[in-house]
Amino acid sequence: MEQQQVLLEIKNLTKVFPGVVAVDHVSFDIRRGEVHVLIGENGAGKSTLVKMLAGINGIDEGELIFDGERFKPADVLDAQNHGINMVHQELSLMPNRTVAQNIFVGREPVKEKGLKWVDLKKMNEESQKLLDGLGVGENIRADAWVKDLSIALQQMVEVAKATSTENKLLILDEPTSSLTTPEIKALFEIIQRLKERGLGIIYISHRMNEIFEVGDRITVMRDGKYVGTREVKNTNVDEVINMMIGRNIGQLFDRKWNKPGKVLLETKGLTGLRFRNVNLKVHAGEIVGVAGLVGAGRTEVAKAIFGFDPIEGGQLFREGEEVSLKGYTPKKAIEKGIAYLSEDRKQEGLFLDFTISDNIVPVMLSKLFPNGFVNNRKKVQVADEYIKKLSVATTDSEKIVGSLSGGNQQKVALAKWLLTKADLFIFDEPTRGIDIGAKAEIYSLMDELVREGAGILMISSEMTEVCGVSDRIYAMHDGEISGELIRGKDEFSEDNVLSIMLKKRGSHE
Amino acid sequence: MKKKLLGVLLTAVVTTSLLAGCGSSEEPAAPAAQEEPENVEEAEEETEAAGEVAEPEEATEEAATSEGIDTSENYLEGKKIVVLLKSYTHMFWVEAANEAEMLADQYGCEVEILAPTVANSNEEQIELLENSLVSPPDLYIIVPADSQGIAPAIAEINNEGIPIVNVNTQITDESVSYDSYVSANQYDLGYTTVSTAIEKLGEEGKAIVIFGKPGAQTYMERDEGASAAFAEHAGWEVLDNQVANGDRNEAMTVMQTLMTKYSDIDLVYAEDGEMALGAAEAIKAAGKEGEIKVVGDNSSVEICDAIKSGALYMVYDDAAWSQMETGFKVANLVLGGQSVEDTYYSPIYLVDSDNVEEYSKRYDE
Amino acid sequence: MKAEKLNLKLLFIKGSRVVVLLVLFIVFSVFTENFFRFDNWSNIGNILLQEAPFYMMLALAMVIPMIVGGLDLSVGSNISLSSFVCAMVIRETENPLLAIIAGLMVGCLIGTLNGYMIAKIGVPPFVATYSMDWIAKGAVLVISKGGQITGFNSFRAIFNSWRGTYLLISLVFMVLAWILYTKTVFGKRTYCVGCNAEAARISGMKSAQIRILAYLASGFVAAMTGMMYISKLGAAEPTLGGAFTMEAIAAALIGGASFVGAKSKISNALVGGLIIVVLNNGLIHIGVPGVWQDCAQGVIIIAAILLERLLEKMQTERS
Amino acid sequence: MNKVKNFLKGISGSSWAGIALIIFFAVAIDNYLGSRNLMNILRSTSALVVVSVGMTMAILLGEIDMSVGGVITISATLAGMYMQAAGTVTVGTVVIAVIICCLVGLAFGLFNGFMIGIKKFNFWLVTFGSMSISFGLAKGVTNGGVISGFDKKFQWISTGRVLGISTCIIWAVIICIISVLILYKTRFGLHIYAIGDSEVCAANSGINVRKTRFWVYALSGLTAGLAAVLLLARTNSAGATIGEGYEFSAIAAVVIGGTAMEGGKGGFKGTIFGAIFISAMKNGLQLIGLSNYWQQVLLGVVIIAIILYDVINARVRFKKSLRRVYSEG
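Protein chains in written order, with my numbering: chain A, 1 to 509; chain B, 1001 to 1365; chain C, 2001 to 2319; chain D, 3001 to 3329.
In case anyone wonders, no lab produced these hints; they're calculated from the structure. Cβ coordinates follow ideal geometry from the N, Cα and C atoms, glycine included. Treat the hints loosely; a few may be bogus.
[Unchecked claim] Residues on chain B that point at chain C, a partial pick, calculated with CB under 8 Å:
hint : residue
1    : Y1088
2    : V1094
3    : N1098
4    : T1117
5    : T1260
6    : K1261
7    : E1302
[What the hints assert, rightly or not] Taking lysine-lysine and the PhoX-like style, the derived pairs with C-alpha atoms no more than 25 Å apart in a straight line are:
hint : chain 1 : residue 1 : chain 2 : residue 2
8    : A       : K185      : A       : K195
9    : D       : K3319     : A       : K326
10   : A       : K195      : A       : K262
11   : A       : K233      : A       : K259
12   : A       : K346      : C       : K2206
13   : D       : K3185     : A       : K113
14   : A       : K111      : D       : K3211
15   : A       : K121      : D       : K3319
16   : A       : K262      : A       : K421
17   : D       : K3265     : A       : K147
Turn these sequences into a full structure, and let the hints guide you.
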C-alpha cells in the first residue's frame, strides 16, 4: 500500500502575471511511485505550475502539503533540499564544464581534512556511480565535456543530476521533444526504474501516445484552470483531447476547405545549415503544416525562405518565377510578398518596450511615410484600424506591447505583417503560450487569409493543431522532408503524423 | 612702526641688488662666435650668467659657469650616451632632444633619447632606465621627472658604475650619487622673472602663480624664487597657486577656473612656457587680453610669436639647448677622467617685446 | 485625484533631469557671490559660450551609440587623432576647409571601424571601442612623435571670429541630430534596432548597417568637437583627448541616457551637458579646487545610475 | 603524453603569434633573454600579474572590473601619504602602509561588489564610475602632483633581492599560487566558472550567485591593493598617473591568456602567460628602439585580433557542431 501513499497535495495554487492569471486555483495530488502526467494545450499553465513546485516561480495563493507537512519553497535550493527536482525543457546545463561538475554544481563534495578543497576525484566517482545506476554509464564518461554530448545524452545527465540528491519528486518538462524513438524508449526505461524506487514523477507532455504508454494518472489543465484527473486505464484519447480544448475538435478548427489555387511558393533541393534538399510547395488558399521534432530544421528552412539565414544550395520559386538567392535578405523577401511570424515572439517578433502603433508600422515605414518624416497621426490611425480588425483587447494604440497578454501580442505581431499585404505567410508556432480563446481567433484569421487567396506555411509541434488546421502536412526529420500527408488522401491522425515524423531518412518514397 | 622700518630697509637692499642683477642681463643676448676648437664648435654665450645675482637667503656654494669648461679634447668620440628626458610632448624637451642629437653628431658619439609616453611619469622613467641597462651606455644624461622618485633606477646605475650627468631637474635623494648637476639656477629663474615683471608693472597688483608639477625640483625651486620675489613687494598679493603639471591644456582650464573665481587679476606667473601659453589662450578666450599680463619661463618659436602679438608679456628662457650643450661638455670631461664641479649653472635670458625679434632669429637656423 | 497625481509623477519622471539642472543652478547662484550676478553677465556668458558647447557635443557623441544599445569609449582619442590630423593638413596645405574635411573623415573612419566590429563581427561594444581608444591613442602619438602643432591662425579665425560660434555649432548639431533621430523614418528604424536588433532585421531593416551608421555619426560628432577644441586651445596636442571619454559618459548618464537600447533621447545630451557645466563651475565657486573635478564626475556617474534605478522603480509602481 | 598534447592544443592560435613575436625579439636584440633582461621583464610583470588575478575572475564571470587602474593609484597614493606623514619609517609603518593599500583596495572592491553583485547594477557602469572616483581622489589628494621618496625599508618590498631574485617577483609568485588554488580547487572558484558558463543553470542549482559575484569584485579590489604595494615600492613614487592603463593591460593579459570574454572558459594559468607576454613585448619594443607609443597601438591591435579570432572561430565551430550533430543522423 506504501505505493499509493500521497506524496504531494496541491491546494488551489494560484499565480498571476501582468495581464493574465497563469495558474488559477488548481488542486490535485501526486502519489509516491506514480507517473502523474500533466497535459494541456500550449499556454495552459503547465510549466508555470511546476516551476512553482520547483521554487523557480513564487506562489501567490494556495498551499502545498509535501510528505505530510506544509511546505512553500523559498527558492530552488530549498525545493531541492526537500527532494523536489526538475528537468527543464530547454536543458540548463553548463556546456563548458564536465559531466561531474554539472551533476554536483552548487554542492561539490569537499575534503574533510585540512583546507576544504573540492574533492574532484570523489566527485567523478560518485557521478559515474549515478550514471551507471541509470544504465547510461557506458556512453557517458563522468569527466567528458557536456558540450560534446548529443542532446539525448545531455538529458540523461540532467536526470542524473536531478536524482543525485535524495530525490522524492521528479518533474520532467516535455523531455521527449527532441528525442528519437530509441532514445524515448531508453528514457521510459529509466522512468520505470525510478518509479520502482518509489519516486513521484510529474511528466509534462502533449503527445497522446507517450502519455498512454508511460503515465499512471493524467491531470488536464486549460487556460490555467484544473479540468480533471483520470486514471490512464479508464480513459481514452478523445476524452482527454476534449478536456484539453473544452469543446470538440470541430468547434476549435472550423476550417472551410477550399480548392488550392496556383503555386505561390516552391523550393527545389533547398540546402542550408541544418537542412538538405528540401522540396516543398505552397498553393494559394492552402495551409501547409510542417511537423517534426525540435531541432529537425523546420525553423531553419522557414528562416532561409525568408532570407534571414543563408541558403547554401537549391532554388526558390515565387509564383513560378525563380528568386535570385544572391544577397537574399528579409528586405527582399518582404518585397516579394513573403511574411514571417517568428517562433520566439518576444525575441524576434516584437519591440516589447514600444507602443502597439510602433510595433505595427516598422515594416512599412518607407511606404507609409514616403517623404521620410514620420507623422504620428497617420501612424495611430493605421494602428487603430488593425486593432479593431483583429479585435486586440485594448483600445489604446499607445499601450506598451510588453504589458499585453500572449494572445494580444501575437495579434499585434500578425497585424504588422497584414499591413504589408503579403500573400505568402510563414507562421512559426503561431499559438505557443496563448489561451484557447485567442487560439480560436488566430485560427479563424488564418482561415480568412487563406480564403482571400493567401498561402500559409505553418510550423507547429502541437499535433491537434497540425491535424486540425492543415490542408497538407509535411514532416521533417533531421533536416529532410521525411513524408507528406494530403487531406482527403491520407487520414490526419497523430499516429500517422508521428510515424512519418520519427521515420529514418531514406524510407521516404 | 618697527615692522615698517624693516620693510623699507629690506626693499632698499633688494632694489640695489636687483639693479645690479638686471643691469647685467640688460644687454641683448647676442650669440657670439667663439674661437673654433678643432672639431667642437658651439655658440658660446658671452654674457655673464645672471646666476651671479646673490640670492638673499640660502647661499648656494659658488657654482661654476658653463663657459669655463675646457673643450679641447673630445673623449666622447665613438661612445654611447643615453639621454633620459621628462616627456616627448613638452616643447622644452623637444628642443632639448633636437639639441642632443645635433651635439651627438658634433662629438661623433651615439645618442639614444628616452622619454616616457605618459608625460612626467616617474614609473616609466624607472622602467626605461632599467631596460637600458641591458646594453649599458658609457654615460647617462638624466632629467628626472621626480627628484626623489627616480632613486631606485639611479641606485641600479650606480652599482653598474656608469657615470651620470644630471641635467635641469636635480636628483635630490641623498642615498644615490651622480657626477655633476648642470642646469640654469631654477631658484634664480623664478626670482628674476617675477622681480623683472613687478619692476615693469609697478608696485601694486594681484597675481596668480601656476605651478608646474609637484615633486619636480625645477618647479619647486622656481616657485620658491617667485614667492621670495613676491614677498619683497608688499604691494603685490598672490591670490592663488594652482597646479597644471606643465600641460597647456590643464593650464587653460585652471586659468579659466581662476578667472571665474577672481574678477580682477593683474599678473600671471606660469612656471613654464607651455602653461604660460595655455593661460594666455584662456585670457584671450575670456576677452581679457591685455588686462592680465602673463609671464613665464622657457622660450620657443611660438612663445616669441606670442610675445610679438602681446599675448605673453615677457619670459626668461633657461634655454634647453644651452643646458644640454653644457651637459655634453661636462660629459666630455667626465669620460676624459678629468675632475668636474658638483654644479654648473647655464645662463638664463630675458625675452620681452624689445628683444624678441632679435632673439627669435636663433630659431630660424 | 488619483489621475492627476499620476501625471505629476509622470511629469517628474519625464522632466527629472531638467529639474536637477534648475536645482543645481539655483543652489549655486544663491550660495556663491559671483556665480550668477546679473551685472556679471560675463561669467555666465563665458561658461555658456566657451565650456557648455564642448560638453554638449561630447554628450551627443556618446548618446547616439547608446540609442542602438551600445556605447563608444573611443570618443576621447578620436578627438585627439582627428584634431591632430586636421592640424597636420593645415600645416602642410594651409587650406582650413581641406583640413576640416580630413579631420571629419578620420573621425568617421574610427566610427565605422567601431561599428563594423560591433555589428558585423559581433565584438561586444565596450571591448571594441575600448581597444580602438588605445589604438587611436597610440596612433596619434606615433604620427606626432610626441610633438604638437601650433600657430594655425587662419584656421582658428573661422571659429574665433565671433565668440558664439562654438555654441552655434553645438546647437546646430543638436537640432540636426534631434530631427534625424526622432522625426525621420531613419530615426524610427534606429530606435527599432536599438530596442531589438533581431526583430528589426526580420522587419526588413538592415540592422547591422544602421548600427554602423550610429557609430559613424558618433565619430563625426567627436571629430567636430576635436577641431573646435584645437581652435580654442590654439594647439593640437597628442594627449588632448584623455579625460573626454569620462566626461562624455558622465554628461550622457546624468542627462538621462541609458545603456538599454532605445531608451536614450537626443535631449538627454543637451540637458546632461548643461548639468555637467553648471556643476563643474559651481564646484569651483564653492571653493572645491579644480583638481577635484574628475572625482566629482565619477560621483556623478554613480549618482546617475542610482537616480535611473529610482525612476525605474517609480515607473513600474505606476504602471 | 596526451596531457602535453592537450596543453599545446589548449594554447589558442593567437598565442602562437605571441610566441613568434618573442622569438623575433630574442633574435633581434642580443641578451634579450639574458638574466638581467628576464629579471626586468619579470619585475615589470609582477604588479600586472597580481592585478590580473582579480580581472581574470571578473572576465570568467563574463564581466570586467574597469576600476583596477584607479584603485591601484588611490591605494598607493594614500599609503604613500601615510608614510610621508609618519616621518621616521620603522618596520611598523611599512606594515601599516601595506595594510592601508589592501584596505583601500578592498574598500573599492566591496563597493563594486555591493553595487554589482547585490544591487545588480550594470557592472560596466559601476566599475567605470569607481575608476573615475579613484583616479579623481588620487588627483585631488595629491593636488594633481606626485608624492615620492620613501624609506629604503619600504622599497625593499620590491627592489630587495632574496637569493638573487627581486622580492617583488617572489611576492607575485606567492599571490599567483594562492590564486590558482582558490580558482581551481575551492567551491568558490568552481562557482565562478559555473556562473560564467550559464548563470541560469548556476542559479537553479542553488549557487548563491549574488554572494559569489560580490566576492569576485571584493577580491579584484584587494588584488589591486596588493599590486599597488608592489608598484609603490618599485617606483618609489605615487601620484595620479601610477596606475594609469593597468586596467587595459590586465584585460589584455587575460584575453591573450585565452580566457573568453563571454566567460566560463579559460583560467588563471593563461593569464600568467598573458601578463609575461605583455611585459616582454613592452620590453622588446623598447630595446629595439621603437618608441613605446607603438606598444599602445600594438596592444590594442593584439587584443582586437585575439577577440576577432575567438569570435569568428566560435562561429565556425558552432556551424561545424550543427552540421556534425545532424549529419550523425
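Each hint tested on the structure:
no.: 1; hint: Y1088; in the structure: holds (2 Å)
no.: 2; hint: V1094; in the structure: holds (5 Å)
no.: 3; hint: N1098; in the structure: violated (10 Å)
no.: 4; hint: T1117; in the structure: holds (6 Å)
no.: 5; hint: T1260; in the structure: holds (6 Å)
no.: 6; hint: K1261; in the structure: holds (6 Å)
no.: 7; hint: E1302; in the structure: holds (5 Å)
no.: 8; hint: K185(A) with K195(A); in the structure: holds (15 Å)
no.: 9; hint: K3319(D) with K326(A); in the structure: holds (21 Å)
no.: 10; hint: K195(A) with K262(A); in the structure: violated (55 Å)
no.: 11; hint: K233(A) with K259(A); in the structure: violated (42 Å)
no.: 12; hint: K346(A) with K2206(C); in the structure: holds (20 Å)
no.: 13; hint: K3185(D) with K113(A); in the structure: holds (14 Å)
no.: 14; hint: K111(A) with K3211(D); in the structure: holds (22 Å)
no.: 15; hint: K121(A) with K3319(D); in the structure: violated (34 Å)
no.: 16; hint: K262(A) with K421(A); in the structure: holds (18 Å)
no.: 17; hint: K3265(D) with K147(A); in the structure: holds (12 Å)
In summary, the numbered hints that this structure violates are 3, 10, 11, 15.
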